[in-house]
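Student: In case you want the letters, here they are:
2 protein chains.
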Amino acid sequence: MTGKKITVREVFLPDSIAVIGASSDDQKEKRSWTGNLMDFGYRGRLYPVNPKATSVLGLKCYASITAIEEPVDYAIIALPRELVPMALSDCARKGVRVAHVFTSGFAETASEEGRRLQAEIRRIVERSQTRVIGPNCLGVYCPEGGVTFANLPKRHGSAALISQTGAGAARTIIYANSLGVHFGKAVSYGNAVDLDSTDFLEALIDDPETQSIALYIEGVRDGQRLLQLTQESVRRGKPVVTLKSGLSGAARAAVSSHTGALAGSDQGWQAYFAQSGAIPVSTLEEIGEQLLALQGLGECRGNRVAIIGRGGGPGIIATEICERYGLAVPRFSDETKAKLAQTTTAEAGSIIRNPVEVGIGRAGAQQSYIDAFRAVANSDEIDLILTHLNPEAFILYGGNPAWVSHSVNALLDVFRDLPKPVILVLPPGEAPESREIVIELWARCAEAGLPVFRGYESAARSVSKAIRFYQYHDWLNSPLAEETDAD
Amino acid sequence: MTGKKITVREVFLPDSIAVIGASSDDQKEKRSWTGNLMDFGYRGRLYPVNPKATSVLGLKCYASITAIEEPVDYAIIALPRELVPMALSDCARKGVRVAHVFTSGFAETASEEGRRLQAEIRRIVERSQTRVIGPNCLGVYCPEGGVTFANLPKRHGSAALISQTGAGAARTIIYANSLGVHFGKAVSYGNAVDLDSTDFLEALIDDPETQSIALYIEGVRDGQRLLQLTQESVRRGKPVVTLKSGLSGAARAAVSSHTGALAGSDQGWQAYFAQSGAIPVSTLEEIGEQLLALQGLGECRGNRVAIIGRGGGPGIIATEICERYGLAVPRFSDETKAKLAQTTTAEAGSIIRNPVEVGIGRAGAQQSYIDAFRAVANSDEIDLILTHLNPEAFILYGGNPAWVSHSVNALLDVFRDLPKPVILVLPPGEAPESREIVIELWARCAEAGLPVFRGYESAARSVSKAIRFYQYHDWLNSPLAEETDAD
Numbered sequence: 035m036t037g038k039k040i041t042v043r044e045v046f047l048p049d050s051i052a053v054i055g056a057s058s059d060d061q062k063e064k065r066s067w068t069g070n071l072m073d074f075g076y077r078g079r080l081y082p083v084n085p086k087a088t089s090v091l092g093l094k095c096y097a098s099i100t101a102i103e104e105p106v107d108y109a110i111i112a113l114p115r116e117l118v119p120m121a122l123s124d125c126a127r128k129g130v131r132v133a134h135v136f137t138s139g140f141a142e143t144a145s146e147e148g149r150r151l152q153a154e155i156r157r158i159v160e161r162s163q164t165r166v167i168g169p170n171c172l173g174v175y176c177p178e179g180g181v182t183f184a185n186l187p188k189r190h191g192s193a194a195l196i197s198q199t200g201a202g203a204a205r206t207i208i209y210a211n212s213l214g215v216h217f218g219k220a221v222s223y224g225n226a227v228d229l230d231s232t233d234f235l236e237a238l239i240d241d242p243e244t245q246s247i248a249l250y251i252e253g254v255r256d257g258q259r260l261l262q263l264t265q266e267s268v269r270r271g272k273p274v275v276t277l278k279s280g281l282s283g284a285a286r287a288a289v290s291s292h293t294g295a296l297a298g299s300d301q302g303w304q305a306y307f308a309q310s311g312a313i314p315v316s317t318l319e320e321i322g323e324q325l326l327a328l329q330g331l332g333e334c335r336g337n338r339v340a341i342i343g344r345g346g347g348p349g350i351i352a353t354e355i356c357e358r359y360g361l362a363v364p365r366f367s368d369e370t371k372a373k374l375a376q377t378t379t380a381e382a383g384s385i386i387r388n389p390v391e392v393g394i395g396r397a398g399a400q401q402s403y404i405d406a407f408r409a410v411a412n413s414d415e416i417d418l419i420l421t422h423l424n425p426e427a428f429i430l431y432g433g434n435p436a437w438v439s440h441s442v443n444a445l446l447d448v449f450r451d452l453p454k455p456v457i458l459v460l461p462p463g464e465a466p467e468s469r470e471i472v473i474e475l476w477a478r479c480a481e482a483g484l485p486v487f488r489g490y491e492s493a494a495r496s497v498s499k500a501i502r503f504y505q506y507h508d509w510l511n512s513p514l515a516e517e518t519d520a521d
Numbered sequence: 035m036t037g038k039k040i041t042v043r044e045v046f047l048p049d050s051i052a053v054i055g056a057s058s059d060d061q062k063e064k065r066s067w068t069g070n071l072m073d074f075g076y077r078g079r080l081y082p083v084n085p086k087a088t089s090v091l092g093l094k095c096y097a098s099i100t101a102i103e104e105p106v107d108y109a110i111i112a113l114p115r116e117l118v119p120m121a122l123s124d125c126a127r128k129g130v131r132v133a134h135v136f137t138s139g140f141a142e143t144a145s146e147e148g149r150r151l152q153a154e155i156r157r158i159v160e161r162s163q164t165r166v167i168g169p170n171c172l173g174v175y176c177p178e179g180g181v182t183f184a185n186l187p188k189r190h191g192s193a194a195l196i197s198q199t200g201a202g203a204a205r206t207i208i209y210a211n212s213l214g215v216h217f218g219k220a221v222s223y224g225n226a227v228d229l230d231s232t233d234f235l236e237a238l239i240d241d242p243e244t245q246s247i248a249l250y251i252e253g254v255r256d257g258q259r260l261l262q263l264t265q266e267s268v269r270r271g272k273p274v275v276t277l278k279s280g281l282s283g284a285a286r287a288a289v290s291s292h293t294g295a296l297a298g299s300d301q302g303w304q305a306y307f308a309q310s311g312a313i314p315v316s317t318l319e320e321i322g323e324q325l326l327a328l329q330g331l332g333e334c335r336g337n338r339v340a341i342i343g344r345g346g347g348p349g350i351i352a353t354e355i356c357e358r359y360g361l362a363v364p365r366f367s368d369e370t371k372a373k374l375a376q377t378t379t380a381e382a383g384s385i386i387r388n389p390v391e392v393g394i395g396r397a398g399a400q401q402s403y404i405d406a407f408r409a410v411a412n413s414d415e416i417d418l419i420l421t422h423l424n425p426e427a428f429i430l431y432g433g434n435p436a437w438v439s440h441s442v443n444a445l446l447d448v449f450r451d452l453p454k455p456v457i458l459v460l461p462p463g464e465a466p467e468s469r470e471i472v473i474e475l476w477a478r479c480a481e482a483g484l485p486v487f488r489g490y491e492s493a494a495r496s497v498s499k500a501i502r503f504y505q506y507h508d509w510l511n512s513p514l515a516e517e518t519d520a521d
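Protein chains in written order, with my numbering: chain A, 35 to 521; chain B, 35 to 521.
Among these hints, one or two may not hold up.
For chains that are exact copies, the list does not tell them apart, and a pair is met inside one copy or across any two.
For lysine to any residue, the following SDA-like pairs were computed, each having C-alpha atoms within a straight-line distance of at most 25 Å [what the hints assert, rightly or not]:
id	residue 1	residue 2
1	373	443
2	39	240
3	62	434
4	371	148
5	62	440
6	188	470
7	64	430
8	64	440
9	373	147
10	38	154
11	188	466
12	373	148
13	86	257
Hints listed in this document are in silico derivations from the structure and should not be mistaken for laboratory results.
Can you build the whole structure from these sequences, using the hints too?
Tutor: Written as structure tokens, this is what we have:
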């Protein structure tokens with residue numbers, strides 16, 4: 035092990051990949067590593083390795099990695115665990131830069147054999163230039179590089195994910211994608227026998243394509259380095275969203291049997307969250323939601339929310355939840371109220387205050403809705419607008435399930451021109467008539483860049499944390515913070 | 035106002051209904067009160083009232099309610115606000131038992147005229163035998179009686195909803211329905227000029243069809259009575275799930291402009307939740323989830339959870355969330371572990387501890403999954419089983435999006451025979467291939483009575499509160515509690 039920093043190119047953009055343990059059965063391999071890479075559009079050189087085959091999916095197959103004539107950047111090792119050390123030694127001999135060990139059954143199991151084999155891998159790593167991802171993990175996803183560990187979205191974006199878990203990483207990427215948050219790079223690194231979250235984080239902080247970073251961590255070898263790197267990332271304006279799993283009780287105990295990691299001390303993690311500027315989250319879904327809030331808030335630095343919606347009870351519930359998460363829902367001035375009163379919201383079924391309840395209005399549902407945004411968006415009493423629509427409201431008002439589409443479409447037409455960021459809460463349609471409509475609207479909002487959340491809690495929680503992150507970042511970069519540092 | 039207790043029959047099962055303000059335009063009325071009642075299958079006598087029409091939707095139309103020859107039990111008043119007092123006086127003269135004032139624009143507005151009109155309604159109520167629901171509300175839903183305020187599910191169940199908000203009530207009913215929680219009675223009562231939450235609660239406690247009661251309250255006139263009635267309901271084993279809206283800050287201020295209610299003091303509501311046995315919730319969705327947990331736990335009184343699922347990271351996250359909400363995730367004994375080890379879960383990709391990570395197994399995904407339930411369900415180390423499936427896992431394992439159906443179907447075949455209750459967490463399918471599958475599975479679980487939640491948090495929160503409710507109820511009914519009372 036060189037200790038040399040790894041680069042984004044080495045991990046995520048290899049020019050050549052060997053699949054050690056490619057199946058000799060093309061039908062199987064089509065749905066495994068070689069097939070996945072071909073389907074995903076990997077354009078580098080691809081070398082299946084299996085002593086029992088001469089060709090895999092039309093590619094020449096090699097008996098071992100050392101038999102390949104050209105240099106190999108990256109190897110995927112998908113072999114029974116007892117064969118992994120030998121394959122890794124071959125990779126080292128071949129000069130492979132990064133080897134990903136997919137195989138599980140190592141230190142994460144209670145078995146002595148698993149621990150012994152992981153220690154053997156560790157010894158090979160220490161003697162070689164080859165860096166190892168894993169074992170017991172899914173490895174790397176990078177749409178730009180055509181690299182993936184599953185049938186994941188091909189669209190790439192500026193978020194990066196460093197995840198100790200594998201299945202969770204896939205779900206995180208897919209859910210975030212549906213929200214309009216796209217990952218450019220992701221790595222599932224499992225037992226971290228060599229490369230740890232800190233190594234990937236260090237590389238991604240320097241990556242100009244990466245604008246935000248999410249971490250799912252069960253344990254880390256060098257907590258101090260993680261803290262420092264997170265601070266550095268935050269200072270540079272790249273938020274770090276951290277899900278630390280196994281903070282307490284049985285979850286803590288479960289960590290060691292999942293990736294063999296040590297969960298770390300409570301105090302250590304408290305210090306991490308208190309001092310690093312990391313944004314703490316506690317579910318995989320929250321990762322996507324937090325990244326969505328960060329990318330949707332733009333230059334917003336204040337926490338004063340105007341709430342606009344349909345349905346009086348839901349507006350009050352939204353207000354209460356916003357306040358619980360530290361957002362302010364200020365009273366409107368008489369001036370703003372007068373503006374609202376001039377709009378068509380000033381009719382039966384409307385309530386003119388914050389939260390605003392927008393009635394259908396004589397000019398029609400869409401018009402009254404949009405007029406309410408225009409009436410409050412220019413006010414300096416608020417920093418952002420949270421709007422909520424109830425997809426079931428059609429059942430009460432006129433019977434047309436498309437009414438929610440009309441409102442969302444009207445909002446999509448204007449939200450970019452409003453001087454304040456807009457956050458939409460649109461819960462899943464529960465009535466069969468509204469279900470498909472809502473799914474289509476979520477996709478349309480994601481595409482247009484209108485942040486859409488599925489509930490008040492996820493919206494208020496994520497928005498509040500994003501605002502605090504930006505405030506903290508600004509403070510870190512202010513002359514005042516520098517003076518404090520100098521003291 | 036008589037002060038006499040109203041009955042479930044008077045409010046929810048009227049033999050005759052007058053719709054005062056039925057439209058003379060049949061196309062309009064078809065989608066309004068008269069049409070809704072006909073579509074919903076109301077089988078009592080139905081009397082449209084409008085001086086400008088002689089017939090509405092094929093029914094004889096009356097110039098006023100006093101012109102109707104037969105007695106009328108129940109009236110819906112859907113007129114411009116200034117006409118409401120006169121219509122209500124007519125109802126009183128006619129001897130109508132319950133009048134529902136749909137019209138809004140009263141004390142919930144800032145206008146003097148609205149307040150004056152509400153005071154006038156109040157005076158009429160005080161002089162008459164007619165009890166009033168509203169104004170500014172949607173009124174009554176009761177599938178058994180064929181009464182509804184919208185195109186809501188016709189299936190009826192044993193839950194009841196008393197809701198100050200209207201749109202929220204519709205969404206609550208529809209969402210709960212999709213979870214397999216069916217309401218037999220619901221009322222939206224708005225400004226509560228006469229009948230308040232306490233009146234409906236008193237009636238529903240005595241209703242043998244009602245097994246659980248949910249309240250959405252903005253304010254209540256007699257807090258002490260609400261506390262006593264809730265205690266009584268809890269003592270009798272009918273849980274009361276309470277969403278008190280507007281507990282703090284701007285939400286509190288917003289309440290008065292929604293239904294004209296006084297939000298009440300913080301201390302008063304703290305005492306209510308501390309002393310009544312009500313289960314507090316904070317969103318409309320939580321109402322359905324809480325009722326689902328209550329109906330799904332059966333005789334379960336302990337909080338020790340076995341967690342079984344696929345995906346190691348998600349299992350740890352589930353564990354952490356269970357613990358956060360006060361559930362215990364105990365270590366398994368060697369005996370239980372040995373049983374698990376005998377199942378096909380004892381293969382690569384499995385982790386044998388609590389949380390259990392179930393690998394695919396040589397006997398196939400379904401078999402290994404079900405075997406794990408059998409291995410732990412008989413153990414007296416646990417009280418219930420929480421299982422989670424990741425609908426996106428097919429992307430990693432074999433590529434068949436139906437794998438999640440196979441697992442759920444296998445579980446549906448056996449869960450009733452297991453000696454411990456099972457709770458399933460099945461998040462929405464985010465990949466297009468799994469979306470429809472998951473929606474269909476939710477419906478199948480709801481139909482079969484397997485409680486299915488869409489996330490770990492909603493499951494752990496609701497289950498934990500349900501267990502505490504049952505423990506508290508048992509204690510209330512124990513000899514020890516009686517002795518304490520006697521002291």
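Student: At most 25 Å between C-alpha atoms: does residue 371 with residue 148 qualify within a copy, between copies, both, or neither?
Tutor: Cα proximity of residue 371 and residue 148: across copies only (18 Å, versus 68 Å in one copy).
Student: State whether the alpha carbon distance between residue 86 and residue 257 is at most 25 Å within one copy, between copies, both, or neither.
Tutor: neither (44 Å within a copy, 79 Å between copies)
Student: Evaluate residue 373 and residue 443 at a C-alpha cut-off of 25 Å and name the case that applies: within, between, both or neither.
Tutor: Cα proximity of residue 373 and residue 443: one copy only (23 Å, versus 56 Å across).
Student: Given identical chains, is residue 373 near residue 147, meaning Cα to Cα at most 25 Å, within a copy, between copies, both, or neither?
Tutor: between (73 Å within a copy, 22 Å between copies)
Student: From the Cα coordinates, with 25 Å as the cut-off, is the pair residue 39 and residue 240 best called within, between, both, or neither?
Tutor: within (11 Å within a copy, 72 Å between copies)
Student: Pop the pair residue 188 and residue 466 into one bin, within, between, both or neither, using alpha-carbon distances up to 25 Å.
Tutor: between (30 Å within a copy, 14 Å between copies)
Student: Checking an output row: residue 62 and residue 440, CA cutoff 25 Å. Within, between, both or neither?
Tutor: Classified as between; 21 Å across copies, 47 Å inside a copy.
Student: Go through the copies and call it for residue 62 and residue 434: within, between, both or neither, with a Cα cutoff of 25 Å.
Tutor: between (48 Å within a copy, 13 Å between copies)
Student: Using 25 Å as the alpha-carbon threshold, which applies to residue 64 and residue 440: within, between, both, or neither?
Tutor: Between copies only: 23 Å across chains, 44 Å inside a chain, cut-off 25 Å.
Student: For the identical chains here, do residue 64 and residue 430 meet the 25 Å Cα criterion within one copy, between copies, both, or neither?
Tutor: For residue 64 and residue 430, the Cα distance is within 25 Å only across copies (13 Å; inside one copy 51 Å).
Student: Under a CA distance limit of 25 Å, which applies to residue 38 and residue 154: within one copy, between copies, both, or neither?
Tutor: Within one copy, since 21 Å is at most 25 Å while 83 Å is not.
Student: Checking an output row: residue 373 and residue 148, CA cutoff 25 Å. Within, between, both or neither?
Tutor: So residue 373 and residue 148 pass the 25 Å test across copies only (21 Å; inside, 70 Å).
Violation of the numbered hints given earlier is confined to hint 13; every other hint is satisfied by the structure.
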